[in-house]
Amino acid sequence: MDPFEYLRAADSDQAVAVVTEDPGTSYLAGGTTQLDLMKDGVLHPRRLVDITRLPLGGITHTESAVHVGALTTMEELAADPVVTERLPFVREALLLGASTQLRNMATIGGNLLQRARCRYFRDPTVPACNKRSPGSGCAAITGVHRMHAILGTSDHCIALHASDVAVPLTALDAVVHIQGVNGPRAVPLTRFYLPPGDTPHIENVLQHGELITAVEIPLLPRQARSHYIKVRDRVSYEFALVSAGVALVQEDGVIREARVGLGGVGTVPWRAWDAEDVLRDAPANAETFLAAARAALVGARPLPGTAFKIELAQRTLIRTLETVSGAEQ
Amino acid sequence: MDHVDVTLNVNDTEHHLRLDARVTLLDALRDHLGLTGSKKGCDQGACGACTVMVDGKRVVACLGLAAQYEGRRITTVEGLATNGELHRMQAAFARHDAFQCGYCTPGQIMSAVCLIAEGRAHSDEDIREFMSGNICRCGAYPNIRAAIRDVVAEA
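Listed in order, the protein sequences are those of chains S and G. Just so you know, UniProt numbering puts 187 at position 187 of the first sequence, and the rest follows in order with no gaps. Just so you know, UniProt numbering puts 107 at position 107 of the second sequence, and the rest follows in order with no gaps.
Chain G extracted, bound-state conformation (with noise of 0.2 Å):
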């Protein structure tokens, strides 16, 4: 009584999953669908490791269950690449050397993503308040705003 059938849309393809009630999204996506980018940092939305879009916005995957997402379109960081060609935020972050240990860094690019498409991306002190909800423990962050800026020039 305590499962749940849910279809996963996930990267444009259709997962058909029978999950615990209690499997997060975060969870769903790791260790069901194998897409390991998402990462778990804290578990409990302070840390942004784990950022996801949901129908084109940025949520914490960890906050969600999974059956709460069914029929919705998600995008993970797998997702971003076309054809096997990085997305340009992708390549900004390897241009620009934006992470350390990378632990952060795909949940850094998936919310740099959406900032951008939320137009919040004008100058260095708007980068540094709407990209808040991203960790970087290693302290990347000038790095970060270097690639996001360069995205921003590029467009």
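Pulled out of the complex, with its shape left as it was, chain S reads as follows (with noise of 0.2 Å):
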């Protein structure tokens, strides 16, 4: 690791201005992927603001939505009754992501800011990778990509945006709120979220500097029924191949609302739109959910080591939408 100045933020008007000022200084919050990168070589900090001592954590709830102060752990905040009760797929995803000692110390907001676990992002002796070095090309599109994505994609880049609990907080409409020298500003997280294109070491809307304060997790009608569906190769503590997270509005048999999020094949967090359009209105049995997981799919880009995921994300979305309807039993 580089060495580099530690500097605890007294508020987090200073952090953002610290931070701001120097391209050479980030945030340490959980430190889980940032520590992680630094040993690895792969990041290069000149200087580090620790704001776990910020006032940013705790949850707080209002009638229509839950209220997340970014350096809330994943622990606290799969413990959170509000969370367990109306939004179950959002606990599931939290639980089903990393250890429990991992959880205890990541985020939510650095959840949301992790980078890739491509392993030629994360290998500084590999010249080729766009995210890690603007130009240089991309190791992975010709090397072992089974754990990349299939959808987002571009000729420049395939790495998979691997957080679970993005997977639900997407198809919530979460909303991110941050804070930048020119005071906060909300971005819902369908919007944050770029894109690899030609820049893939663009990953989001932040500018340097601006700061994620809290993400607020709209609520759905007491109704909804919702699960989170993770296949990998070993049981616990792995990434995901293909996730999904389903969220339904039920009447007599017909689908009035869906919320659908798929984890494991997108370079972003994925919200599956053309899925929930077929969704909507149409009764809730196997036709349905075929038609809903195909349309899922139908922009995938599979390279010949992703190729699998296609029919296994279709499969997890119709388990997951089964099990959502109640239409297993």
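Because the hints were derived from the structure by calculation, they are not lab data. Glycine included, C-beta positions come from ideal geometry on N, C-alpha and C. Be aware that a few hints might be false.
Which bits of chain S does chain G cover? Going by a derived footprint, with three or more residues having C-beta under 8 Å, they are [to be verified]: (1) 5-15; (2) 35-44; (3) 102-114.
From these two lone chains plus the hints, build me the complex, please.
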């Protein structure tokens, strides 16, 4: 790890000012991605601003939303009674990610900003990585890419966004609250991430120095049901090959509202808008679910190592829809 | 300029340290305080051998800077025994031979103590799931689960 200066932020205004004025300064929160990548020689900040003592934790509730401070840990959010009762797929996604130790450290803000798990991105001895070194190429496209994306990819990058919890949060239209030197702003998660295109090193709309202060999760109607299914190479403590987060509101066997997110397939946490369109006002049956699953994967661009994901993602989504709708019984 | 003065509270003892800012909590414990019970396995948060308790919650000490933990209450495996008597989880691990090489054991024990405090040791399935952040390459898992079940039954 390269040497760096450690600074503990006194307040968020100071933190934002200090990071904004220097491209070599980064925030440090839970550290589970930041320090890992610094040890690997991928990130080289010359100064870290520790924000973990700032009052950006805590969860508050309103009639219509759960307001999550950015420093809330994954374990803390999973234990929230309103999330447990009203948004079970958020809790499930949280608890199926990482390990308890990491969930006690990792923050919600940091989870959203976690970097790609692409082995080529994380290995600085590999010259070709457009995300790490813009313009250098992509070693993954012709390399081992079983854990890579099939949706939202480009000829320049196929790295996956590996967050589990971002899948239901995307489906719920969660809103990211951001503080910058010019004041606060709010961006829906569905517009927060940027697909790689020809600038894979730019992953989201944040300007350097902007700080996530909170994530606002809108609640669904009380009769909504939801579930998250994660398929992986080992049963626990592993990233998804594919995953699906689904919430449905049904009325007499007809789907009135559908929220569908997919994980393990997208360069960004994937909102399956086309699948939602198929499901809305359709009968909750096998035919509908198959049509929705096909619609969700229409735009997929598989490579030899990821071709299996199209079928697996469809089956996973169908299983999740069956479970939520109650059609499996 | 790249050094930090840190006061760490480890096993109810305060330590004043001047550290390179890069020193992780794990390296501070092992290399600066001589508490070598917490083990360095992968050094990237994947194996759990460095699991310690911070303010009663389990974390991996390799992925935090020592400076971040100033003023927090840190408990390592060395702090589990009281008056020379093993913590009942330590005793259960010995009784059940819940290790082979022993390298992962301190992390397993710290994690297991927290698992019970979290109220998650209801079934073998839960134990497997919520202990999955602690890898044992010798494969002592059945005995580790037996030790945990024993402590749950005692409580």
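Worksheet item: Counting residues of the stretch 102-114 of chain S that have a beta-carbon nearer than 8 Å to any beta-carbon of chain G, does the count reach 3?
Response: Holds, because 3 residues of the stretch 102-114 of chain S bring their Cβ atoms closer than 8 Å to Cβ atoms of chain G.
Worksheet item: With a cut-off of 8 Å between beta carbons, are at least three residues of the stretch 35-44 of chain S near chain G?
Response: Contact hint for the stretch 35-44 of chain S vs chain G: holds, 4 residues under 8 Å.
Practice prompt. Would you check chain G against the stretch 5-15 of chain S, counting CB to CB pairs closer than 8 Å, and say if three or more residues qualify?
Written response: Held - the stretch 5-15 of chain S has 3 residues with a Cβ nearer than 8 Å to chain G, which meets the minimum of three.
Against the hints set out earlier in the document, no violation occurs for any number.
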